[in-house]
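So the protein lines, in turn, are chains Z and X.
With the first letter of the first sequence counted as 1, position 215 gets the number 214 in numbering that gives the first Met the number 0; the numbers rise by one all the way through.
With the first letter of the second sequence counted as 1, position 186 gets the number 185 in numbering that gives the first Met the number 0; the numbers rise by one all the way through.
Hints are supplied without guarantee of correctness; some may be wrong.
Claimed, not checked - Partner residues are not named here, just some residues of chain Z that face chain X (Cβ under 8 Å, in silico):
#1 M12
#2 F51
#3 G175
#4 P194
In case anyone wonders, no lab produced these hints; they're calculated from the structure.
Just so you know, these numbers come straight off a predicted model, no measurement behind them.
Backbone N, C-alpha and C define an ideal beta-carbon position, used for all residues, glycine too.
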Amino acid sequence: MSINRGLTEEQIMLRNTVRKFAEEVIKPAARELDEKEEFSNEITLQMCDMGFMGAFVPEEYGGAGMDYVSYILTVEELARVDSSQAATVAAHNSLGIGPIYYFGSEEQRMQYLPLLTSGKLWGFGLTEPEAGSDAGNTKTRAYQNGDDWIINGSKIFITNASTSLTLGSSVLAVTGQQPDGRKQYTTFLVENTVPGFEAKAMKHKMLWRASNTSELYFNDCRVTSNMILGKKGDGFKQMLSTLDKGRLSIAAMGLGLAQGAFDYAVEYAKKRHTFGRAISTYQANSFKLADIEVGLNLARNFLYEVCRMADRGENITKEGAIAKLYCSELAHKAANDCVQIMGGYGLMKEYDAERFYRDQKILEIGEGTSEIQRLVISRIIGCYD
Amino acid sequence: MNILVCISRVPDTATKVIIGSDGKSIDPKGVKYILNPYDELALEEALRLREKNGGNVTAITVGTAEATETLRNALAMGADNAVLVKGDEPADSYSVAVNLADYAKKMNPDVIFLGKQSVDFDSLQLPSMLAEILGLPSISVVSKLTIDGTNVSAERDIEGGKEVVSTTLPCVISAQKGLNDPRYPKLPDIMKAKKKPIEEIASNNLDARTVVHKMEIPLKERKAKILGDSVQDIEMLVTLLHEDAKVI
Chain Z
0 MSINRGLTEE QIMLRNTVRK FAEEVIKPAA RELDEKEEFS NEITLQMCDM
50 GFMGAFVPEE YGGAGMDYVS YILTVEELAR VDSSQAATVA AHNSLGIGPI
100 YYFGSEEQRM QYLPLLTSGK LWGFGLTEPE AGSDAGNTKT RAYQNGDDWI
150 INGSKIFITN ASTSLTLGSS VLAVTGQQPD GRKQYTTFLV ENTVPGFEAK
200 AMKHKMLWRA SNTSELYFND CRVTSNMILG KKGDGFKQML STLDKGRLSI
250 AAMGLGLAQG AFDYAVEYAK KRHTFGRAIS TYQANSFKLA DIEVGLNLAR
300 NFLYEVCRMA DRGENITKEG AIAKLYCSEL AHKAANDCVQ IMGGYGLMKE
350 YDAERFYRDQ KILEIGEGTS EIQRLVISRI IGCYD
Chain X
0 MNILVCISRV PDTATKVIIG SDGKSIDPKG VKYILNPYDE LALEEALRLR
50 EKNGGNVTAI TVGTAEATET LRNALAMGAD NAVLVKGDEP ADSYSVAVNL
100 ADYAKKMNPD VIFLGKQSVD FDSLQLPSML AEILGLPSIS VVSKLTIDGT
150 NVSAERDIEG GKEVVSTTLP CVISAQKGLN DPRYPKLPDI MKAKKKPIEE
200 IASNNLDART VVHKMEIPLK ERKAKILGDS VQDIEMLVTL LHEDAKVI
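Work out the full structure, taking the sequences as your base and the hints as a guide.
Written out as structure tokens, the structure reads:
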């Protein structure tokens with residue numbers, strides 16, 4: 000099958016396994032969880048039991064020891080069926096586990112990774128009410144007090160930060176000034192039980208309704224200095240690198256959602272008849288589907304190649320941005336065309352097209368808007384030099 | 000407890016099957032293959048038995064090199080060893096049964112599991128043939144199994160009800176839906192499956208005792224007609240019932 004081009008035997012087996020799991024375990028529950036805006040501990044723990052949490056983390060920390068391509072395939076196949084569950088997995092791996100695995104001390108890794116690969120969740124607090132694309136405007140601050148640090152400020156739109164399975168979050172805070180006058184950032188590991196820290200679920204979302212999104216409040220929240228992730232002052236670098244990799248998982252969500260919407264649209268168009276013919280035989284529809292198939296092939300080849308670059312330790316700032324931009328716009332197009340092909344039925348909650356249509360929108364916004372991706376790419380190609 | 004599970008590689012039930020140009024085989028192009036769903040039940044039962052009693056689960060298949068991928072699947076689900084009896088595409092159920100029996104005679108398993116049928120050719124012959132060649136008792140289409148020491152008690156689905164059958168080990172059991180809920184391979188186990196060895200032995204490419212002459216796919220007919228409640232439609236209904244359906 001073309002979707003498996005260039006994959007190893009294990010990666011193909013993994014894709015088939017995750018697809019089966021998603022179809023049999025997640026699909027029957029997805030619509031109701033979305034409707035009720037409910038985070039499912041049960042499905043999260045089942046996904047954890049399958050080894051989805053910490054897919055790329057070595058076995059000694061409790062992970063599955065797989066490569067980045069395998070992790071991305073997992074997210075893609077989950078998103079093909081349900082974006083909310085894919086978001087829980089993608090955020091926990093890329094933003095929760097990722098920074099601790101890549102930047103944590105050996106002690107921090109041993110303390111947290113075995114828990115985070117066996118049922119506990121971890122958030123990544125970067126975005127603030129007044130600092131999204133403009134991360135330089137971060138207002139959350141931490142100052143030193145003896146051996147401790149005191150954090151004040153707030154964060155918003157933080158995935159997985161306030162479920163009953165959540166252990167804590169990595170939090171980016173301003174900790175002073177660099178010699179060149181720019182802000183110095185440091186990342187702190189803050190457990191949910193620390194006094195002065197509150198994580199609150201955000202409700203009434205348009206999409207990803209079965210995933211958890213939170214606001215974080217820090218009110219003289221005191222942590223010890225061994226809760227600094229890596230070194231003091233490394234925060235900004237850690238954030239950029241985390242987002243580079245995080246973009247690949249958002250790209251995988253776009254690719255998966257596009258495939259899900261496409262599969263749904265093809266099945267419908269072949270069954271639905273108007274004027275005595277299947278609507279898939281009208282060019283108005285068949286050309287839409289052909290265009291999405293083109294996009295899926297290109298997106299898939301490119302995304303897997305960028306994952307291989309990441310596995311080889313190469314810089315993927317530009318390629319990650321390209322993959323994220325292209326896959327999220329492909330998801331937008333596929334979901335939109337899927338609804339269009341289904342006509343009125345596509346607008347009804349009874350059909351998954353409606354959920355695909357809502358869920359795709361965040362992919363052009365979260366982890367760097369499409370505009371920010373274009374900025375990253377245009378900077379790297381030298382437009383502003 | 001040593002357990003042998005016989006598995007097969009079959010086209011995915013969701014695959015659209017196309018008949019090859021010879022008119023008597025499946026065109027493998029574009030077909031996705033899976034582990035036969037009934038064999039998944041057989042393997043799951045074997046794994047549970049091992050988890051309870053200790054021992055070893057060996058998965059075996061008779062077929063071409065392509066069947067390796069199906070064996071890897073069985074290893075990822077948790078089988079300890081895998082054996083590929085490698086040769087041409089098996090000619091018929093009998094040749095598969097003879098090859099499996101040859102291996103079973105050497106291994107001497109306490110119990111042999113199979114799916115009640117393979118969803119490709121659906122001949123339903125293999126479990127009984129294998130048991131007959133080995134001279135073992137056989138219980139087929141089992142939906143509930145209890146093994147206590149060497150005593151075996153099995154529930155079988157029969158028309159309109161259930162039957163409870165008992166025997167003693169060693170024996171051959173064929174699995175029916177309802178026997179269990181097969182597990183999904185976990186990601187770390189998929190990685191580990193790569194490292195487990197697959198033993199290859201040459202198959203006796205026996206001449207077939209039965210031969211397939213022809214395959215055909217049933218024609219899809221659109222038979223439904225939708226009529227309204229106007230007088231003309233009701234007249235049309237009467238005409239259709241009389242002339243087409245010939246029921247009035």
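Verification of the hints:
With 8 Å as the threshold, the beta carbon of M12 (chain Z) comes within range of chain X, its nearest partner Cβ sitting at about 5 Å, so the hint holds. Hint status for F51 (chain Z): holds, given a least beta-carbon distance of 7 Å to chain X, under 8 Å. Restraint check, G175 (chain Z) versus chain X: the minimum CB separation of about 42 Å is more than 8 Å; hint violated. Because the smallest distance between the Cβ of P194 (chain Z) and any Cβ of chain X comes to about 37 Å, over 8 Å, the interface hint for this residue is violated.
Checked against the numbered hints given earlier, this structure breaks hints 3, 4; the rest are met.
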